[in-house]
Amino acid sequence: MYLLIVALPLVGTLATGLGGRWIGRKGANVFSTSCVIICCFLSLVAFFEVGLCGVPCYLSISPWISSGALKISWGFLFDSLTTTMLVVITFISSLVHLYSIQYMEYDPHCPRFMSFLEIFTFFMIILVTADNFVQMFLGWEGVGLASYLLINFWYTRLCANQAAIKALIVNRVGDFGLSLGIFSIFYLFGSVDYELVFSSASMYTDYTIHFLGLTIHYLTLIGFFLLIGAIGKSAQLGLHTWLPDAMEGPTPVSALIHAATMVTAGVFLIVRCSPLINLSPNILFLITIIGSSTAFFASLVGLFQNDIKRVIAYSTCSQLGYMTFVCGLSYYNVGMFHLVNHAFFKALLFLSAGSVIHALSNEQDMRRMGSLLNNLPITYAAMLIGSLSLAGFPFLTGFYSKDLIIELTQISYYSNLQISYGIFACWLANIAVFFTSFYTFRLIFLTFIKNSNSYRKHIENIHESPLLILIPLILLGFFSIFVGFLTKDLFVGVGTHFWSAAINVLPMSYNLLEVEFMSYSIKWLPFMLSTLGAFLAYTINIGIFKKNTKFAYTYIFRKLSFLLSKKVYWDKLYNSLIISPLMNFGYIISFKNIDRGFIELLGPYGISRVIKNWSIKIIKIQTGQITHYTFFIVTGLCFLLLLAPAWVFLELFLDIRLLTFCFLALFVV
Amino acid sequence: MITQLYCENYTFFLFFLGVLGIFLNQKSIIIVIMSLEIMFLSVSFNFIYFSIYLDNIIGQLFALAILTVAASESSIGLAILVVYYRIRNTITIELMSLTKG
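Listed in order, the protein sequences are those of chains A and B. Residue numbering for the first sequence follows UniProt numbering, beginning at 1 and increasing consecutively. Residue numbering for the second sequence follows UniProt numbering, beginning at 1 and increasing consecutively.
Worth flagging that the hints you see were computed from the coordinates, not collected in a lab. A hint or two may mislead.
[Said to hold, decoys possible] Straight-line distance between alpha carbons at most 30 Å, and here's what the computed DSS-like set of lysine-lysine pairs gives:
hint, chain 1, residue 1, chain 2, residue 2
1, B, K100, A, K617
2, B, K100, A, K612
3, A, K617, B, K27
4, A, K546, A, K559
5, A, K620, B, K100
6, A, K450, A, K620
[To be verified] For each label pair, taking beta carbons as the anchor points, the in silico distance ranges come out as:
hint, chain 1, residue 1, chain 2, residue 2, range
7, A, L652, B, I31, 38 to 48 Å
8, A, F639, B, I58, 47 to 57 Å
9, A, W614, B, I31, 33 to 43 Å
10, B, I31, A, E600, 34 to 44 Å
11, B, T99, A, I611, 30 to 40 Å
12, A, E600, B, F12, 55 to 65 Å
13, A, F639, B, M96, 34 to 44 Å
14, A, L652, B, M96, 39 to 49 Å
15, A, Y605, B, F12, 45 to 55 Å
16, B, T99, A, Y605, 28 to 38 Å
17, B, L81, A, K617, 25 to 35 Å
18, B, L17, A, Y605, 48 to 58 Å
Quick reminder that beta carbons are idealized off the backbone N, C-alpha and C, glycines included.
Okay, chain A solo, but in the shape it has when bound:
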């Protein structure tokens, strides 16, 4: 059964990808969807067995690579962490499959799309079920590849091509970090198996290496490399630029990749490597700083985005920041909890955005929407649930994890806890809550409630989406309401045994109990902030400030909103500071100067030119004049006679046999 979870998506992708021509559109839809739905049920069973009954399953299949000390085998590890991820992945994936049957109805390449979705699911499952780093890396790279294929699904569009290449390359920066991390893990532990690495990690806490005169704490180095991998895949600040651009793919793809699964792989990596990362406080510090900066920055940039998918993409980025920094505070279980919850409501948001886009004849700009409340009631309800959940409305899914995360940062105000960087995270997270609530409600107001701005033609054609689109929305809506409450005690409850050995939480910084006894004024703060954000969005968009354009046209506000809608010029900076110098370096220096210049000059081109020049010069010696020939004969004789006394010395350096051989060779050739 456990192997079937891994194998079914592979079967599905191969059948629909290679046999799509024969089984046709309907066949591909039904086959791939049923494959992944069965996989979903199986992983629910696995979740029951492993997570609830507490029976981890470890399958060692066959040796893969065996070279000296390096022994890697195919193995599948199903512990509570894996099965949690499995449930999320397969559930979201099966709903996305179901959704895209209808959504991609008029697309001519439906089997290919299904195959790509399925191969993505497959690689994601490989990623989470792997029992060693290399197999995990296989899934990691495969997910990147699948994201390339999916973003580039409409490959005739230039934007899609560029976005896909960007996604792949920016991810590859992180992948490089991860591969360095795997190398350094192998260097230290001599193995890449999770069980060996994690069980023996605590023996190397004082291990240092010396490199270029620096003394480096080795576990910090490993953690740093793993963190780079997580930054790339989870779109943390610095390598986040690919995520919003990746919205060029079809909407179900955004829901699958950029909401629920692929971007969570980075967080999954951090959580999986918790026994390693816990041992280097500097890396925990770094993770916290980067995660909270991401949460803040992405929510800030999301404020004035006008593309409905981009807003959600930035909120994804922001929520990933939350997950990451709570891992940095060493509450990996809370990070996983938020990951699970976030997957449900973010998939819901994306799919409802897709429903809106579908209804409006592929209009994505929020400024051209409005007053869809009457036309798309179910989509509105779904979107509202998702938004409230995202904004952390009490008793919805998002509340249980997000508020807990913020409370965990708030507790670092107690000075005797020695986690001062938590205060940084606390500030940024609280501000991010305000921003999050602002942009989600801005999205709701602009899309559903404000007066319509769309074309008459679009409004005439508007219709609530068909059943196959609504079913996933409704299901995800239910889950977005209830999952947080249902799994709260399981994932982060007091003394829960769920994570058993899968997650290593630092005992000394484990303050989940203290969080429960914080003062109410602090506990209410996030809720207040999000209410304030929603209220502000209301007043600006449909409330009293709606008509007040004076404020909107002030110089500072205009510049600020322009800056924010341009993503704070981050891409521009990257382009002009890193990418274009690199491209120029590649063309001018490494291609034109070194490859076609220097090496060619030393190599074929230069040598042939030198030989040609010299041969022309030597040819010119033969003038045809007898006098010149006699001159050469006589001077040659004189030269040889002069050289004759020097032969005694030359003999030492020249082998006469070799010279004879060369001389003979001249005639032979």
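Model the placement of chain B on the given structure of chain A, informed by the hints.
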């Protein structure tokens, strides 16, 4: 009387004169052949001188051989010269540059 030691110098001087004749002469090919004859003569003179000096007959035999070789060589050379002249109507050395590299 020419002493024995001076003989060596004379033969060398003659040979050098022949070389210079080939060298410095830019006009007539006949002069080249004459210079060649001078060189042959100097060499055979040298052989004869050394055969007397070392009291060895081989040198004189060589001188005889050289005389015959020189005679046949000059006849062949003159024949080539005549053929050349028939074709090109000139025997000026400066204009003999058909075999330019």
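Okay, the hints, checked on the actual structure:
no., hint, result
1, B/K100 x A/K617, "holds, 13 Å"
2, B/K100 x A/K612, "holds, 18 Å"
3, A/K617 x B/K27, "holds, 27 Å"
4, A/K546 x A/K559, "holds, 19 Å"
5, A/K620 x B/K100, "holds, 8 Å"
6, A/K450 x A/K620, "violated, 90 Å"
7, A/L652 x B/I31: 38 to 48 Å, "holds, 46 Å"
8, A/F639 x B/I58: 47 to 57 Å, "violated, 31 Å"
9, A/W614 x B/I31: 33 to 43 Å, "holds, 36 Å"
10, B/I31 x A/E600: 34 to 44 Å, "violated, 54 Å"
11, B/T99 x A/I611: 30 to 40 Å, "violated, 23 Å"
12, A/E600 x B/F12: 55 to 65 Å, "holds, 56 Å"
13, A/F639 x B/M96: 34 to 44 Å, "violated, 26 Å"
14, A/L652 x B/M96: 39 to 49 Å, "holds, 45 Å"
15, A/Y605 x B/F12: 45 to 55 Å, "holds, 53 Å"
16, B/T99 x A/Y605: 28 to 38 Å, "holds, 33 Å"
17, B/L81 x A/K617: 25 to 35 Å, "holds, 33 Å"
18, B/L17 x A/Y605: 48 to 58 Å, "holds, 52 Å"
Going down the numbered hints, you'll see the structure goes against 6, 8, 10, 11, 13, while the others check out.
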